[in-house]
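Participant: The lines below spell out each chain.
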Amino acid sequence: MADFSTLKNPQLESRLYTARASFTLLVVLLMLGVLLWRYHDLQINRHQDFATLADNNRILVRALPPARGLIYDRNGVLLADNRPGFTLSIVVERTKNLEQLLSDVGELLAFKDSELARFEKLAKRRRPYESVPLRFNLSEAEQALIAVNEHRLSGVEVSAQLIREYPLGPELAHVLGYTGRINERELKRFDPKRYKGSHMTGKTGLEKFYEDQLLGEVGYEHVETNARGRVMRVLERTDPVPGADLQLYLDSRLQKVAIDALGEERGAVVALDTKTGGVLALASMPSYDPNLFVTGISTKAYQALTGSPAQPLFDRALRGQYPPGSTVKPVFGLAALDSGTVTMGYRIYDPGFYQLENKEHKYRDWKRGGHGSKISLYDGIVQSCDVYFYDVGFRAGIDVLHDYGTRFGYGKKTGIDLPAEAQGIMPSRDWKQGARGRAWYPGDTINVSIGQGFMLATPLQMAVAVSRLATRGEVREPQLVSTVGNEAVVAVSQPAMIEIPERYWDLVLDSMVGVVRDLRGTARRAVGKIDYTMAGKTGTAQVVGIKQDEKYDASKLAKLQLDHALFIAFAPVENPRIAVAVIVENGEHGSSTAAPVARDLISAYFKYYPDPVETGEVEEGDALLAPSSPIESAHESG
Amino acid sequence: MSQGDFERSLKEHGSTVYGERKSWLALRVDVPLLLLLLLLMAIGIFVLYSASGQDLNYVKRQSIFMGIGLFAMLVVAQFDPRFMQRWAFVLYIGGVGLLIAVIFVGVGAKGAQRWLDLGFFRFQPSEVLKVAVPLMLSSYLGQRVLPPRFKHVFVALLLIGTPAILVGIQPDLGTALLIFAAGFFVLFLSGLGITYLLGALFFALSVAPVFWFYLLRDYQKTRILTLLDPQSDKLGAGWNIIQSTTAIGAGGSSGKGWMQGTQSQLDFLPESHTDFIIAVLSEEFGFTGVLCLLLVYVLIILRGLMISINAQSMFSRLLAGSITLTFFVYIFVNMGMVSGILPVVGVPLPMVSYGGTSIVTLLLGFGMLMAVSKEKKRMGEQL
Numbered sequence: 001m002a003d004f005s006t007l008k009n010p011q012l013e014s015r016l017y018t019a020r021a022s023f024t025l026l027v028v029l030l031m032l033g034v035l036l037w038r039y040h041d042l043q044i045n046r047h048q049d050f051a052t053l054a055d056n057n058r059i060l061v062r063a064l065p066p067a068r069g070l071i072y073d074r075n076g077v078l079l080a081d082n083r084p085g086f087t088l089s090i091v092v093e094r095t096k097n098l099e100q101l102l103s104d105v106g107e108l109l110a111f112k113d114s115e116l117a118r119f120e121k122l123a124k125r126r127r128p129y130e131s132v133p134l135r136f137n138l139s140e141a142e143q144a145l146i147a148v149n150e151h152r153l154s155g156v157e158v159s160a161q162l163i164r165e166y167p168l169g170p171e172l173a174h175v176l177g178y179t180g181r182i183n184e185r186e187l188k189r190f191d192p193k194r195y196k197g198s199h200m201t202g203k204t205g206l207e208k209f210y211e212d213q214l215l216g217e218v219g220y221e222h223v224e225t226n227a228r229g230r231v232m233r234v235l236e237r238t239d240p241v242p243g244a245d246l247q248l249y250l251d252s253r254l255q256k257v258a259i260d261a262l263g264e265e266r267g268a269v270v271a272l273d274t275k276t277g278g279v280l281a282l283a284s285m286p287s288y289d290p291n292l293f294v295t296g297i298s299t300k301a302y303q304a305l306t307g308s309p310a311q312p313l314f315d316r317a318l319r320g321q322y323p324p325g326s327t328v329k330p331v332f333g334l335a336a337l338d339s340g341t342v343t344m345g346y347r348i349y350d351p352g353f354y355q356l357e358n359k360e361h362k363y364r365d366w367k368r369g370g371h372g373s374k375i376s377l378y379d380g381i382v383q384s385c386d387v388y389f390y391d392v393g394f395r396a397g398i399d400v401l402h403d404y405g406t407r408f409g410y411g412k413k414t415g416i417d418l419p420a421e422a423q424g425i426m427p428s429r430d431w432k433q434g435a436r437g438r439a440w441y442p443g444d445t446i447n448v449s450i451g452q453g454f455m456l457a458t459p460l461q462m463a464v465a466v467s468r469l470a471t472r473g474e475v476r477e478p479q480l481v482s483t484v485g486n487e488a489v490v491a492v493s494q495p496a497m498i499e500i501p502e503r504y505w506d507l508v509l510d511s512m513v514g515v516v517r518d519l520r521g522t523a524r525r526a527v528g529k530i531d532y533t534m535a536g537k538t539g540t541a542q543v544v545g546i547k548q549d550e551k552y553d554a555s556k557l558a559k560l561q562l563d564h565a566l567f568i569a570f571a572p573v574e575n576p577r578i579a580v581a582v583i584v585e586n587g588e589h590g591s592s593t594a595a596p597v598a599r600d601l602i603s604a605y606f607k608y609y610p611d612p613v614e615t616g617e618v619e620e621g622d623a624l625l626a627p628s629s630p631i632e633s634a635h636e637s638g
Numbered sequence: 001m002s003q004g005d006f007e008r009s010l011k012e013h014g015s016t017v018y019g020e021r022k023s024w025l026a027l028r029v030d031v032p033l034l035l036l037l038l039l040l041m042a043i044g045i046f047v048l049y050s051a052s053g054q055d056l057n058y059v060k061r062q063s064i065f066m067g068i069g070l071f072a073m074l075v076v077a078q079f080d081p082r083f084m085q086r087w088a089f090v091l092y093i094g095g096v097g098l099l100i101a102v103i104f105v106g107v108g109a110k111g112a113q114r115w116l117d118l119g120f121f122r123f124q125p126s127e128v129l130k131v132a133v134p135l136m137l138s139s140y141l142g143q144r145v146l147p148p149r150f151k152h153v154f155v156a157l158l159l160i161g162t163p164a165i166l167v168g169i170q171p172d173l174g175t176a177l178l179i180f181a182a183g184f185f186v187l188f189l190s191g192l193g194i195t196y197l198l199g200a201l202f203f204a205l206s207v208a209p210v211f212w213f214y215l216l217r218d219y220q221k222t223r224i225l226t227l228l229d230p231q232s233d234k235l236g237a238g239w240n241i242i243q244s245t246t247a248i249g250a251g252g253s254s255g256k257g258w259m260q261g262t263q264s265q266l267d268f269l270p271e272s273h274t275d276f277i278i279a280v281l282s283e284e285f286g287f288t289g290v291l292c293l294l295l296v297y298v299l300i301i302l303r304g305l306m307i308s309i310n311a312q313s314m315f316s317r318l319l320a321g322s323i324t325l326t327f328f329v330y331i332f333v334n335m336g337m338v339s340g341i342l343p344v345v346g347v348p349l350p351m352v353s354y355g356g357t358s359i360v361t362l363l364l365g366f367g368m369l370m371a372v373s374k375e376k377k378r379m380g381e382q383l
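Chains A and B supply the protein sequences, listed in that same order.
Number 631 in the numbering used here belongs to position 631 of the first sequence; there are no gaps in the numbering.
Number 336 in the numbering used here belongs to position 336 of the second sequence; there are no gaps in the numbering.
These are computed hints drawn from the structure, not numbers from a lab.
Worth double-checking, as some hints may not be accurate.
Stated by the list, open to error - SDA-like mimics (lysine to any residue), calculated; alpha carbons at most 20 Å apart, straight line:
{"id": "1", "chain 1": "A", "residue 1": "Lys-8", "chain 2": "B", "residue 2": "Arg-86"}
{"id": "2", "chain 1": "B", "residue 1": "Lys-374", "chain 2": "A", "residue 2": "Thr-18"}
{"id": "3", "chain 1": "B", "residue 1": "Lys-221", "chain 2": "B", "residue 2": "Leu-177"}
{"id": "4", "chain 1": "A", "residue 1": "Lys-367", "chain 2": "A", "residue 2": "Gly-453"}
{"id": "5", "chain 1": "A", "residue 1": "Lys-208", "chain 2": "A", "residue 2": "Val-489"}
{"id": "6", "chain 1": "A", "residue 1": "Lys-8", "chain 2": "B", "residue 2": "Gln-312"}
{"id": "7", "chain 1": "A", "residue 1": "Lys-8", "chain 2": "B", "residue 2": "Lys-151"}
{"id": "8", "chain 1": "A", "residue 1": "Lys-8", "chain 2": "B", "residue 2": "Val-145"}
Stated by the list, open to error - Here are the simulated distance ranges between beta carbons:
{"id": "9", "chain 1": "A", "residue 1": "Val-34", "chain 2": "B", "residue 2": "Met-259", "range": "28 to 34 Å"}
{"id": "10", "chain 1": "A", "residue 1": "Arg-152", "chain 2": "B", "residue 2": "Val-207", "range": "47 to 53 Å"}
{"id": "11", "chain 1": "A", "residue 1": "Ile-59", "chain 2": "B", "residue 2": "Cys-292", "range": "28 to 34 Å"}
{"id": "12", "chain 1": "B", "residue 1": "Gly-67", "chain 2": "A", "residue 2": "Asp-104", "range": "47 to 53 Å"}
{"id": "13", "chain 1": "B", "residue 1": "Met-259", "chain 2": "A", "residue 2": "Tyr-220", "range": "26 to 32 Å"}
{"id": "14", "chain 1": "B", "residue 1": "Val-207", "chain 2": "A", "residue 2": "Ala-63", "range": "52 to 58 Å"}
{"id": "15", "chain 1": "A", "residue 1": "Thr-95", "chain 2": "B", "residue 2": "Gly-161", "range": "39 to 45 Å"}
Claimed, not checked - Here are some, though not all, of the chain A residues that point toward chain B, as calculated from beta-carbon distances under 8 Å:
{"id": "16", "residue": "Thr-18"}
{"id": "17", "residue": "His-40"}
{"id": "18", "residue": "Ile-44"}
{"id": "19", "residue": "Arg-46"}
{"id": "20", "residue": "His-47"}
{"id": "21", "residue": "Leu-53"}
{"id": "22", "residue": "Arg-58"}
Owing to the predicted nature of the structure, the values given are computational and were not obtained by experimental measurement.
C-beta: ideal position from N, C-alpha, C; glycine also.
Required output: the full structure, derived from the provided sequences and hints.
Facilitator: This is how it looks when you write it as structure tokens:
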């Protein structure tokens, strides 16, 4: 027999193999069991979780930002528009070499560090294939640069969205304000749902005041995307509701006339429609280009604006507080009459100054040597006699002046639909006690009686006051916006007016007509010939105090120390439709610089609106008086 | 079985074979295995159409490969196993030679040098070894007294190790693993002693750190680390696993329906038509679909093991067993990695994943299995 160990034993081997194969089969089945357990766990036990994950993967909810409401002037001229703006973004997954790409793009567009930092921050949080914005508001030149170099900028995308634009630029900057990128503080205050998808919000002006109406409602879109973020189909869509359009009372042509009339001067012009309280023009010069702020103003440009001594960012019409000067005389004249302080026939002698009993101090009249004897209220207003009002004001007392001043709107916010309106000051005993901690002195009353001293008012307040004079006491809040969307804004008007006897009104308004028409009227020469009737009042607001016995000498004063020129007016006298207040900073006399501005504006108004628009019901007689149609006449004659 | 019984049984067989011989057209085919494979291919084509994003080109090319594979399978099925045993070393040495050639003149992609460029097509020598290694091992150990002695085990390990390492350094971990598994199964089925197995385990544990620190490339380490915590690198290495487990889980019990899987149809799933195709099947046909596929696989494995147990020589048994078990390794590694319980290695899902090479190689293996299954009859024929 041979050694068994070196001979093959088929039977033994067959049994050995069968045993091994059976064992491996067992292992195979066991491992299959592991696979089954795993798939069962994923597909049955955790199915819900993964189904949700898969849906989250593919379904993306995209916010659809609403188009911001547009703003039109009263004739439909577009004042605030939305133009498409372009954003440069990068899809990191599609770039070959991100750093190289960033440096290439950087060569073309010159990034700021802040832009790169923001990009890197956003890039870390992105979904795969999501585009990350790098530069907003590409200029056309920049777009062209990118387009030309597109072949070597793979991964770069340029996309469009709407950006606010103000076609008239600086002309309406203070009225419209501007929109800007939402900042951290606003982000905390805003309802995040409403602002989903919007990056911009109104920062100042109407844009801020009417933010809620202009914004619109955000829409949503459930879209199915593939792994590269490309939208495959829209599953569900809720359209955004565009913001409401605003229509203003303002006429951009009148606004332009006002600005042109101011010329190079610093100042403000406010024109109100006396029938409605609608603001026809609201100018503050110098101004700035609000479009700069929409796209994010450069530090240099911003510093140029804030550093300018002319303060272009400052809204003089709304926030500039000036002594109203002699423009308050008609109001205080009415106060003196209506309070019974003096009668309509009261006259004084004006030697050129006024002195309180037993006091040395002389309150000067602007006219050296005075206006002479027998100065009545009419003369006082027409010639702007200070001494008359020193006398009458002192007799009436501060309480009466405060009472009537307040009724004409001084010292109170006008309630215009713009943010950050200044309040002005209509001084009173209480006010002085509170603000200055001092008792009221008789001398204070004398200063206030010619609109100086503690008294301050904004040009808008002056316009409101002259509008109330024109309408014989009708109280209306000035209003910029006439309609929001399709709904007319009901102007807040309180017909509960200032009850003053007609004859007092007649006297005061007559004397205001005298200001522009009487031979001795302070604005007669400045206004010149006009083909309509107009009532006005000049004013001069002191910038620097004049010492006792010192003469105001313009030649010795620097331009910035010169008096401010003021003028208030309304027209036509019989049926007033427009009320205007003008201030020209350092313009010296109201008559010489401010009155022509008001006249130009009112003349333009009558040119554009020659006939009064009847807002009330049509009177019965109108239909009968209507001329018969020319066709009918032709028939008759034929 | 006594000698007499054996001879009698041979005669019986002989008579049946004699009848077959008259019809020279008759092919030697294992019908159950063939039917199961055809069913599997049908499933594969069906899933591939959806996974490729309804691209008929993929289906067409895959069908052509399947046709080539089936033809190759039928050809190989006609071989006499003893012929294969005799010439195994030629295929083996040729294959290893080609692997060495790859090192010097191979072409690569994605940092791995795996191909030989033959001008008209690219050829991956490592695929040859998937067949050549079990063939060589079975041939070598089939002639030895079993269980193998130390000397034979040593030689066998050399025969496995040389090509496995050559492929591993390309690097192609998936194929190296399959080659190693195919060889190891031959060794194990041949009755490798328990002491060797324990020794191997000990050895494996001791060289693991060496592997980790010196041999594995960074991307391979990442794959292993990713397995432990896919969330650690959501957009990079973890992305594949997160997306594939999501797809599988989202399928639920009955699936979203053919071509309705959002993960695969919207491109969230990477490699959806190749290595990760099981995720498409899982998402669109659910756990039911997975069960059906596994059932077909299990039936094929059972048939393969049955053939191996009934085979006439030790060579045939070892070869058939190794081929069947390697087939299982494909399934387990692929389904394990896609479902996130194994690291990502490039192993396709047999007969379902898109790719001509693996289909042809697999079908060649099944051809050998069929050759083994018909061996009995041929023995009768020769008597």
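Participant: Now look at each hint and say whether the structure bears it out.
Facilitator: Hints, one by one, checked against the model:
At roughly 18 Å between alpha-carbon atoms, A:Lys-8 and B:Arg-86 fall within 20 Å of each other, so this suggested pair holds. Among the hinted pairs, B:Lys-374 with A:Thr-18 is consistent with the structure: their alpha-carbon atoms are about 19 Å apart, no more than 20 Å. About 16 Å separates the Cα atoms of B:Lys-221 and B:Leu-177, which keeps this hinted pair within 20 Å; it holds. Distance check on the hinted pair: A:Lys-367 and A:Gly-453 sit about 19 Å apart at the alpha-carbon level, within 20 Å; holds.
For the hint pairing A:Lys-208 with A:Val-489, the CA-to-CA distance comes to about 17 Å; that is within 20 Å, so the pair holds. Of the supplied pair hints, the one linking A:Lys-8 and B:Gln-312 holds, its CA atoms being roughly 14 Å apart against a limit of 20 Å. Of the supplied pair hints, the one linking A:Lys-8 and B:Lys-151 holds, its CA atoms being roughly 17 Å apart against a limit of 20 Å. For a cut-off of 20 Å, the pair hint linking A:Lys-8 to B:Val-145 stands: about 5 Å separates their Cα positions.
A hinted range of 28 to 34 Å for the beta carbons of A:Val-34 and B:Met-259 is consistent with their spacing of about 30 Å. Between A:Arg-152 and B:Val-207, the C-beta spacing of about 49 Å keeps the proposed range 47 to 53 Å intact. Between A:Ile-59 and B:Cys-292 the beta carbon distance is about 30 Å. The supplied range of 28 to 34 Å therefore holds. At about 50 Å, the CB distance of B:Gly-67 to A:Asp-104 agrees with the hint of 47 to 53 Å.
Between B:Met-259 and A:Tyr-220 the CB atoms are about 28 Å apart, so this pair conforms to the stated range of 26 to 32 Å. Separated by about 57 Å at the C-beta atoms, B:Val-207 and A:Ala-63 satisfy the suggested range of 52 to 58 Å. Range check, A:Thr-95 to B:Gly-161: about 44 Å between beta-carbon atoms, so the 39 to 45 Å window is met. Given the 8 Å rule on beta carbons, the hint for A:Thr-18 holds: about 5 Å separates it from the nearest Cβ of chain B.
For A:His-40, the interface hint holds, since its Cβ comes within 8 Å of a Cβ in chain B; the closest pair sits about 6 Å apart. The interface hint given for A:Ile-44 holds, since its Cβ lies 6 Å from the closest Cβ of chain B, which is under the 8 Å cut-off. Proximity of A:Arg-46 to chain B holds as hinted, the smallest CB-CB distance being about 5 Å (cut-off 8 Å). Nearest Cβ of chain B to the Cβ of A:His-47: about 4 Å, under the 8 Å cut. The hint holds.
The beta carbon of A:Leu-53 comes within 5 Å of a beta carbon in chain B, closer than 8 Å, and the hint placing it at the interface holds. For A:Arg-58, the suggested interface contact is upheld, since its CB lies about 5 Å from the closest CB of chain B, less than 8 Å.
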